[in-house]
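*Asks:* So you can see what is in the structure, the chains are spelled out below.
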Amino acid sequence: MLDLGVIWRNLPFLLVQGFLGFGGFVGGTLRLAIPAILLGFILGVFVGIGRLAPQAWIRLPATVYVEFFRGVPLVMVIFWMWLVMPILLRTAIPEFGVALAAFVIFEAAYLGEIVRAGIQSVPRGQVEAATALGLGGAQTMRHVVLPQALRNMIPSLVTQFIVLFKDTSLASIIGFMDLTKAAQVVNNREIRPFELYLFIAGVYWVCTYSMSRYARRLESRLGPA
Amino acid sequence: MNYQFDWSVLWTGQSGQWLLAGLITTLALAACAWLLAAVLGVVSGALRTAPFVPLRLLATAYVEFFRNVPLLVWMFFWYFGVPPLLPRAAQDWIFAHGLEFWAAVCALGVYSGARFSEVLRSGIQSIPRTQVEASVASGLTVFQAYRYVILPIALRLIIPPATNESLNLLKNSSVALTISVAELTFQTRQIETYTAKAIEALTAGTLIYLVLCVSVASVMGWVERRTAIPGLITGGRRPRA
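Residue numbers (the numbering used here), protein chains in the order written: chain A, 1 to 225; chain B, 1 to 241.
Keep in mind the hints are simulated off the structure, nothing from the lab. Predicted, not measured: the structure shown is a model, and the values here were computed from it. There's no promise every hint is true.
Said to hold, decoys possible - Computed footprint of chain B on chain A; a stretch qualifies when at least three of its residues, placed anywhere within it, have a C-beta under 8 angstroms from a C-beta of chain B:
| id | segment |
| --- | --- |
| 1 | 14-24 |
| 2 | 131-143 |
| 3 | 178-189 |
| 4 | 208-219 |
Glycine is no exception: its CB is placed at the ideal position from the N, C-alpha and C atoms.
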């Protein structure tokens, strides 16, 4: 029968260690998700701008990058980082570094496509007007195009951030102590899989659902620019 | 970097047959999960736009709950959490018939069904409301209107985003390795474990995924051109891999 006490007894471990990342193990869903989202977005902006660059030597690598990572499963990318980074760098990399690198590199391909679509949604006349005012290419991008593009991108960006947040559960494959791994550890001792996995499903759901509600509110408040 | 490349590990020993077995399992898993996801997605997507409030709420609850939780959690849930709740006879049957595989099919199918549902819903909502009204005015029931008018148009409109979601399903099938389904990523790891040649093994697995994705995308591009509705702007646009 259902035994909800198992969740109550292990709540500090699941939430403080697994979800937030404070405790004896390297871990934490939030501790991985927040830097992954920030760094992935920064790299994604460069990838998105790169895909629209007039110079072929920038545009082609950016295109190959996006098409490659969109055709490969994230699990595969995590294994690449986990097994190949130590060979290349000749030193052991902690799980946190491996997972962070894999997420940033993988998600930047998806975020880059969103940034590209956002930039393309800015009317051409804006660029022409900025050029006519004497702004250079980088200045136009920084002060005119990106602020407007960002506004158009917000709904798709938040959707992708939700995907990234859910994807961080895959870091548990290489032993990173996130919420999913914490539930596995507790389950190995308590053997209460139904309750435990349903509980962490609920925790993930509360986070992602509130993010998507917030996105919908933003969307209706900002409207198409 | 002092790494000795030895690409021959991919065609000596059992590597070839492992990769082939993994590819077949990946395809079987993706195909079964796709069927389940398509049925769940079409039914729940249609119900979310239908004028029956209790069914609409049920479909919304399904979509919002399953879509917003990581697939990995669903894998563990279906693999570890559900079987103990089944009756004894069902448990015996499923343990004898490859529990991992069917748990992965359920996890991937139910999760992707919720994502398909969103695609279909936006497809249906892009069809002018007057189509339903005209169908009902000509004497069709709401069910008939969906069956003969709305769904045939919507399914043709959503081919590009549905292709994207199908490719996601194919790539997500790799998560099944966590519950030890011997699919492509699992076999890639196995080659790495046996030969200690990480770069070669991962290259082989990655290339197979890339080829799979590109082939699915081009087949669906052809399907899309064949089924394009004449006169609509969306006709003939190629989906992205």
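*Asks:* If a hint holds in the structure, say so; if it doesn't, say that too.
*Replies:* Against the structure, the hints:
Only when three residues or more bring their CB closer than 8 angstroms to a CB of chain B does the claim for the segment 14-24 of chain A stand; here the count is 0, and the claim is violated. Note: the segment 131-143 of chain A has 0 residues with beta-carbon separation from chain B under 8 angstroms; the three-residue rule is not met and the coverage is violated. For the segment 178-189 of chain A, the assignment as covered by chain B holds, since 4 residues bring a beta-carbon within under 8 angstroms of that chain's beta-carbons and 3 suffice. Interface restraint, the segment 208-219 of chain A with chain B: holds (3 residues with C-beta to C-beta distance below 8 angstroms; minimum three).
The structure is inconsistent with the numbered hints 1 and 2, although it conforms to all the rest.
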